[in-house]
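Student: Under numbering that gives the first Met the number 0, the first residue of the sequence shown is numbered 0, with each subsequent residue one higher.
In case anyone wonders, no lab produced these hints; they're calculated from the structure.
Treat the hints loosely; a few may be bogus.
In silico DSBU-like links for lysine-lysine, alpha-carbon gap of 30 Å or less [what the hints assert, rightly or not]: (1) K221 x K1; (2) K1 x K49; (3) K1 x K225; (4) K85 x K211; (5) K85 x K136; (6) K254 x K6; (7) K85 x K49; (8) K49 x K6; (9) K221 x K136; (10) K39 x K225; (11) K85 x K182; (12) K39 x K61; (13) K48 x K211; (14) K136 x K225.
Note that the coordinates shown come from a computational prediction; the quantities given were computed from them, not determined experimentally.
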Amino acid sequence: MKNFQGKTLSWRAGDGVIELVLDRAPCNEIGSETLVELEKFTAALESLKKDARALVISSERKEGFSAGADLRELYERSRDLPPAEKNAGVRDFLLRIHRVMNALDAAPLVTIAAVHGVAFGGGFELALACDLIVADKMARFCFPELRLGLIPGFGGIPRLKRDVGNAVVRDLLLTGRSINAEKARAAGLVSQVTAEGDAARVARSTAEQAAKFDRTAAIAAKRFIKPIPEEDLRREIDIFCELFAQPAVEAGLRKFAESTDPLPYLP
0 MKNFQGKTLS WRAGDGVIEL VLDRAPCNEI GSETLVELEK FTAALESLKK
50 DARALVISSE RKEGFSAGAD LRELYERSRD LPPAEKNAGV RDFLLRIHRV
100 MNALDAAPLV TIAAVHGVAF GGGFELALAC DLIVADKMAR FCFPELRLGL
150 IPGFGGIPRL KRDVGNAVVR DLLLTGRSIN AEKARAAGLV SQVTAEGDAA
200 RVARSTAEQA AKFDRTAAIA AKRFIKPIPE EDLRREIDIF CELFAQPAVE
250 AGLRKFAEST DPLPYLP
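Sequences are here, hints too, so could you generate the full structure?
Tutor: Structure below.
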């Protein structure tokens, strides 16, 4: 399936490049519907990769790349369940999203996240699964999960540890502060910073350049420089599920879900 238009995302393939575009209001929160369509995309990659050398992931939403997990849905789906059933549901969702992230991480393509606006929580984690991040100068990156008594659950900590030094990991994780594109580039997270609104264009140009090179060599290089931290990823799921059972998390999710602010994740 070279082209697809879903409710939360779309993709198209041509000239050696696949473009996956997120488009779910208000800011591409990743819930069950988005997960289903991401699973559909990773399944389609098996055929798409035959004629492609690169993948660009971008957002159609003016608010940003992605605000992360759909916390309102998470709260609504779990609030009335007994603890064991609640834990099983969360673990199943995390296992599914990890399969998607791992498929993107290991894809035999050069993968590029074109980021503008917010890349928070799970949105940041989606960008980290890509080989390169191209960000416009107004982009911001953040792990706000500790505000809810949680840790990132979509594979963010192991991938961040793989890419940057521990001081950066600790600062982002333990303070919940956001960093801008220039600071992210200085830390080694972002490969290029563009003018405002130009990230997608530059990412496409970078993808076209990457698509010129020998596929076998590119795949070998990627496997060598970007191993998937599988053991740490499994441990992250366990820790997230342990924390999710705590009363403080339910209280934090309730406060978030009942907020009347359309963008309560903004600091």
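Student: Tell me, which hint numbers fail for this structure?
Tutor: 4, 5, 7, 11
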